[in-house]
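A.B. asks: Each chain is listed here by its residues.
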Amino acid sequence: MKNLTYMEAVREAIREEMRKDPNLFMIGEDVGPYGGEMGLSQGLWKEFGDLRVKDAPISESAIIGCALGAALTGCKAIAEIPFCDFIGVCMDQIFNQVSKMHYMFGGKARIPLIIRTPIGGYQSAAAQHSQCMEAWFVHIPGIKVVMPSTAYDAKGLLKTALNDCNPIIFFEHKKLYQVKGAVPQEEYAIPFGKADIKKQGKDVTIIATSYMVQIALNAAKSLGQCGIDVEVLDPRTLVPLDEAAILSSVKKTGKVVIVHEAWKRAGIGAEIASVIYEKALSDLKTPIQRVAAENVPIPFSPTMEKYVLPNEEKIVEAVKKICGEG
Amino acid sequence: MNCNLDHWLSLYHKMLKIRKFEEKVSRLYSDGEIPGFVHLYIGEEAIATGVCSNLDEEDYITSTHRGHGHLIAKGGDLKLMMAELYGKKTGYCKGKGGSMHIADINLGILGANGIVGAGIPIAVGAGYSALLRGTKQVCVAFFGDGATNEGTFHESINMASAWNLPVIFVCENNSFGVSTRIDRVTKNTDLAKRAIGYGIPGVTIDGNDVLEVEKCSKEAIDRARAGEGPTLIVAKTYRYHGHFEGEVVTYRSKEELSEWMQKDPIKRMAEKLRIEGIPEEVLGRVEEEIDAEINNAVAFARESSYPEPEDAMEDLFFSEGGNE
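So the protein lines, in turn, are chains Y and V. The opening position of the first sequence corresponds to residue 1 in the working numbering, with each subsequent residue numbered one higher. The opening position of the second sequence corresponds to residue 1 in the working numbering, with each subsequent residue numbered one higher.
Hints are computed from structural coordinates only; laboratory data are not their basis.
Derived DSS-like pairs (lysine-lysine); straight-line CA-CA distance at most 25 Å:
#1 V/K267 <-> V/K24
#2 Y/K199 <-> Y/K321
#3 Y/K198 <-> Y/K2
#4 V/K88 <-> V/K24
#5 Y/K20 <-> V/K136
#6 V/K88 <-> Y/K108
#7 Y/K314 <-> Y/K202
#8 Y/K252 <-> Y/K221
#9 Y/K108 <-> V/K89
#10 Y/K198 <-> Y/K321
#11 Y/K175 <-> Y/K306
#12 Y/K198 <-> Y/K285
#13 Y/K264 <-> Y/K194
#14 V/K79 <-> Y/K108
#15 Y/K108 <-> V/K136
One chain only, chain Y, in its complex shape (with noise of 0.2 Å):
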């Protein structure tokens, strides 16, 4: 094993996957000389080439249409939206060309497309650059979803990703890029649909995403020492879903915490919990609590933003609730 950073954990698999393929290529804001407006793609525009990792304009639709439009005719093709924020501007051409080609034309198109876009908050970066956007996206039928919250699953799923002939968007977290993590020195993939068990527990299953499920593992180890042993659970990918794995933790505790860091409202949340009162209602001991950001935009000042964001304290709330103990 090798110590990564998820930074270098993602573009390892770039890099990797690029050295294998000539027809794949990047395409992005500043991904090129500058190496990324987060710094992503360092090094990567001196070893492939001008053509391979692609300067774009400031233009998303068209960035996501020329990704597109090459991954039609031959390409592979990684689309990078500097922050996730931004995808609003683009978004024609994910949910009604990206997402639909394959199905509007009976099955005939591949579409090997990658969208890449950081998400995110606690930042102080306001209501237009610390949004997390992944329940658009698992509500459209035709894109996979995936939302790493490791350097070794980062690493694992988009190297899944890259070998895949269909869009998909791959969402990395801020706050996890210069977290360090075990990878492997071989080759290894994470199929898409496997939950990820994160810690084990048997009295309550805390189901987390993205940057949340590292807090929701700081949560477990305050609960364990109250004497409430806590299950972490990351789906890894929302598109598809591992509802296998979601049940099987629930039929063991009993109890849920589901944990993001979107809205609450219409969150990833809100279909988890479906998915559970629909098919395991009776495994149920209380009703699942949610802990997501409240509905209003971020707001930029510090205190205000730790108000609207979830955070260990909030977690542990929860969980001492469903537990009785709140």
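Position chain V against the provided structure of chain Y, taking the given hints into account.
C.D. replies: Just chain V now, kept in the frame of chain Y:
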């Protein structure tokens, strides 16, 4: 017959095929045989025909909601098209797409499109792909005058110009976005002038003269293939039918329509052929061949089965099973 005349006859054949296919579709639609929305290209046939006459099978096009003409001109199969319009299992998209979403990737047809201006950036991507894979393919983006006020038009031409991509932007200017005449929503209606802003050639041509379309688009396609970058072609034309079939057309005069019908691209080509001494029976034979092909297509569509309802659950993703 000299080879030039042979070629003219083939252009006439293609335009007439598009016209007669759509006239048939119009009747079948009003008879209730074809469901959904249908947008017809009748009156504009010279543009798709003239442009695609310069394209090879490996070249690409992106099309619009008014796409039947582009598909036929690029070699689309009438039977598969008609079956798709009927919503049958044997159609181009197995009944999942309909008129606005027909594609044939093997023929380089990257899809009709239900969203105005949305095909333009996809064309840029096909051009980029040709460059990356080191081929000499080009891509033509067809779109209407309405699309020139979409952001995708600007983003795409800027991107293709910046990188000298092998993309040809063909604006079919029929003066109307649905009901709204272009001068009510655009200050400078000389749309080819916009090319100046992107540093590429822009030309306005008579979109009802198939030979002029063919000649101008050949120059643009040759430039693109030679790595000299994109061109904006604005082809002036007129649609005879409403924006969609069944529309009550209240926004233009009968006089304006009949003026344009005097400049009908197919009549003009027939006239040229007659002047060159092509006998009536040759033109008649062309029409008979087309009628037979269209009748075959209709018969094929009628005889084909509808998809099973649960076929709706297939083809979401590319894989062995195609399901989520």
